[in-house]
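Asker: Sequence:
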Amino acid sequence: MKLRKLLVGLVALLGAFALVACGAKTGTADFQLITEGQMDICNHLEYQGDKITLLETTTTILYSAMEVNSKEEAKEVMEAQNIGAWDGIEGVDHKVEYQDDRIVEVTSIDLAKADLDVLGELMPIESANGEKVEYLSFKMTKENFKKRGVKEVKDGQFKELE
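Take the sequence shown: its letters are residues 11 to 172, numbered as in our numbering.
Hints are not guaranteed to be accurate.
Here are the simulated distance ranges between beta carbons [to be verified]: (1) SER80 - LYS142: 17 to 23 Å; (2) LYS142 - GLU172: 40 to 46 Å; (3) GLU46 - GLY98: 31 to 37 Å; (4) LYS156 - SER74: 16 to 22 Å; (5) VAL116 - GLN58: 20 to 26 Å; (6) ALA34 - ALA75: 36 to 42 Å.
In silico lysine to aspartate or glutamate, DMTMM-like type, Cα no more than 20 Å apart, as pairs [claimed, not checked]: (7) LYS164 - ASP97; (8) LYS161 - ASP97; (9) LYS123 - GLU162; (10) LYS152 - GLU162.
Keep in mind that the hints were calculated from the coordinates and are not lab data.
Beta carbons are placed, not taken as given, at the ideal position from N, Cα and C, and that holds for glycine.
Given these sequences and hints, build the entire structure.
Answerer: This is the structure in structure tokens:
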């Protein structure tokens, strides 16, 4: 009887080690929404299990789509839309580059460091049941992207904005 309890305990312990060793699946995924002659939004996601750990978005908007003619005018439009709201948030790296004919905005969010409540003030974050969000779900994000016409990109083969 004692031997059986010892064996059951040992099997349970080995099972726990196996679960920890296997862990959740990690991966990356890329998505793109492009409107020719206007804008391009590229998203790179890193995830573990269903939990997104890193979200990097590169948004390119042509000045013609913004109905402006220069870097200065584009900067005024972006500042009026509170583009600087991302600056200074823990876990967020945000850069904006005003080029000759377009703006390129890169926002990288390390979700291990960022506060989801703060992020929720700047971008739509919602749960399936309306409760407080504990993490960003890869599955839900992928489904939402698909509903909005965002295409999954394989092997980093993003289309170029023309």
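Asker: Which of the listed hints are broken here?
Answerer: Going through the list in order, the structure violates hints 1, 4, 7, 8, 9 and respects the others.
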